[in-house]
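Participant: So the chains spell out like this:
Number of protein chains: 2
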Amino acid sequence: MDIDALRAGQPRAVARAISGVERGGASARAIIAAIFRFTGRAHLIGITGAPGTGKSTLVNEIAKQYRRRGKRVGIVAVDPTSPFSGGAILGDRLRMQDLSGDPGVFIRSMATRGNLGGLASTTADAVKILDAAGFEIVLIETVGAGQNEVDIAKNAHTTIVVQAPGLGDDIQAIKAGILEIADLLIVNKADHDEVSATVAALEMNLNLKPMQENDWRPPVLKTIALKGEGVADAVDWIGKHRAYLEDNHLLAQRERARVRAELEMVVQRELVTRLLGGVNGSKVEMLVEKIAARELDVYTAAERLVQEKL
Amino acid sequence: MDIDALRAGQPRAVARAISGVERGGASARAIIAAIFRFTGRAHLIGITGAPGTGKSTLVNEIAKQYRRRGKRVGIVAVDPTSPFSGGAILGDRLRMQDLSGDPGVFIRSMATRGNLGGLASTTADAVKILDAAGFEIVLIETVGAGQNEVDIAKNAHTTIVVQAPGLGDDIQAIKAGILEIADLLIVNKADHDEVSATVAALEMNLNLKPMQENDWRPPVLKTIALKGEGVADAVDWIGKHRAYLEDNHLLAQRERARVRAELEMVVQRELVTRLLGGVNGSKVEMLVEKIAARELDVYTAAERLVQEKL
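Taken in order, these protein sequences are the chains called A and B. Under the numbering used here, the first residue of the first sequence is numbered 30, with each subsequent residue one higher. Under the numbering used here, the first residue of the second sequence is numbered 30, with each subsequent residue one higher.
Warning: the hint list may mix true and false statements.
Below, simulated EDC-like cross-link-like pairs (lysine to aspartate or glutamate); rule was C-alpha separation at most 16 Å, straight line [what the hints assert, rightly or not]:
#: 1; chain 1: B; residue 1: Lys93; chain 2: B; residue 2: Glu293
#: 2; chain 1: A; residue 1: Lys319; chain 2: B; residue 2: Glu293
#: 3; chain 1: A; residue 1: Lys312; chain 2: B; residue 2: Glu293
#: 4; chain 1: B; residue 1: Lys100; chain 2: B; residue 2: Asp265
#: 5; chain 1: A; residue 1: Lys319; chain 2: B; residue 2: Glu284
#: 6; chain 1: B; residue 1: Lys312; chain 2: A; residue 2: Glu293
#: 7; chain 1: B; residue 1: Lys251; chain 2: B; residue 2: Asp220
#: 8; chain 1: B; residue 1: Lys319; chain 2: A; residue 2: Glu293
#: 9; chain 1: B; residue 1: Lys319; chain 2: A; residue 2: Asp244
Please keep in mind that the hints were generated in silico from the structure rather than gathered at the bench.
Sequences are here, hints too, so could you generate the full structure?
Facilitator: The structure is reproduced here in structure tokens:
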């Protein structure tokens, strides 16, 4: 790997390094070992929201806003909705048309790589590469608000949750979870009818949340990403949140929590890979047959595999 | 645990058993060991869709339809959108109003229980309990189409993906993934304007998918769940899919794949729980400090923990 080219932010070197961590295993380990000491400078911003909220458009507009302010921007778009397909590539191309030709922007879409915490881990590694490559702002875009997204949000210093007006009967269910992870709440498509109701509902829920003195209260912002409206204000608020974290010595604390979660994730993946890798395949199949025939329950079968290794 | 009461489908016994598997560990193991031999009879139907598609209403209508056909129905509603809160309970109450007083229906909402594959595993256990309790139909409802949902879909014999017309710019991204897991595609809210466009887009995408002779082609169905329209047809199609699986000897194959995935998941969780549990907490904190200070990379730190245990 050409470390100098990577640190200079050369797109080809960055792309190669990300492909390297996507391969996982020794390849990922070698790349991260080479670059980790150059990380820790970027402001990591997670942006999550359900399909239909216009979050991708918003991410592009936030990137443009940062470009106007002279910042280099990396975007990692995580798409767990295409777990089996290479659909992420199309997304890349469509977005590239919008931001293409600007060497100050690097965009990469990532799809899932299996079950073993692969996506969250690979995303964390891709973010490190962009950080080491000198992108001062790294936007991590995820769909939805499931466990994957929460895991990925843990990688961010500032987490933005995007809503759209009138997404219907599940909105109540969403709010419970998102209020816990959101540093900024953005109601996009603010030219739609039900925007006031959505903003009011979010504000009401925020008011219900127990707050200590000096806690950060997430602002509820309105944007019309398609027209770029409200985006400068949103970027100002990201800056305010960063300042809040610094003033209250919370940046180091978030970083430690992030590192702890990542360490646990990697340990988990490594253990499972090695232990399952060392287990006799025909033994696993034999146990599968027994479970399928209801001769054995899954916990007892798992215990047999675990005992064999410990 | 009162096995007879559980097998008779007594709500209190079922509720207690599910609470038992939610506690995890020895409690879950004991319950599953006691009931697994009574499982394997229910038809497991996964229903997934983004927020705003009206999927919860559709699930209720499908349950009612099955009730009219004399089937007992269990519903497990998985809500990964409220990872930190007990929001699922409110959902239970709201839904109970609709289906309450019917001993032939049992509804349980589940929220996430942490990171270690907890949700998918607990959901699989709750499904087993409903199966053993004699519910012939088990509906597993999940939000979104992330990795969590894909994991949960693996627990189903028949997977339904719910769409709604005009959910916007992310619909393209969704389709790539859902076509891989969907056995039935349902466009709900079919009284809305853009329904024909959504159906046409789904059909077009299905036509692009390479099909072998005897492959199942997912039907694209329209429903208006709020009025119960199209639901009987959808339930007929679930039956057709079940017959297809049986006629082609695919039910046993799906069951084996399901069991294999579950075994891997449980082994993973058990290994991580035991190994991380045995690791010195201050050692982990020391490594966290070193990673945060960029003195060590996460893979090298993980390696040290893993080596210590193997």
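Participant: Each hint should be assessed against the structure and marked as holding or not.
Facilitator: Here's how the hints hold up against the structure:
1. A threshold of 16 Å between alpha carbons decides the hint, and for lysine 93 of chain B with glutamate 293 of chain B the separation of about 35 Å lies outside it, so the pair is violated.
2. For the suggested pair lysine 319 of chain A and glutamate 293 of chain B, the alpha carbons sit about 15 Å apart, so the restraint of at most 16 Å is met.
3. Proximity of lysine 312 of chain A to glutamate 293 of chain B is assessed by CA-CA distance (about 13 Å); at most 16 Å being required, the pair is judged to hold.
4. For the given pair, lysine 100 of chain B sits about 14 Å from aspartate 265 of chain B by alpha-carbon distance, which is consistent with the 16 Å threshold.
5. Proposed proximity of lysine 319 of chain A and glutamate 284 of chain B is supported: the alpha carbons are some 12 Å apart, at most 16 Å.
6. Annotation: proposed proximity of lysine 312 of chain B to glutamate 293 of chain A holds, straight-line Cα distance about 13 Å (limit 16 Å).
7. The straight-line distance between the Cα atoms of lysine 251 of chain B and aspartate 220 of chain B is roughly 9 Å, inside the 16 Å bound, and the hint therefore holds.
8. Annotation: proposed proximity of lysine 319 of chain B to glutamate 293 of chain A holds, straight-line Cα distance about 15 Å (limit 16 Å).
9. Taking the CA atoms of lysine 319 of chain B and aspartate 244 of chain A, the gap is near 28 Å; set against the 16 Å cutoff, the hint is violated.
Of the hints listed earlier, those the structure fails to meet are numbers 1 and 9, in rising order.
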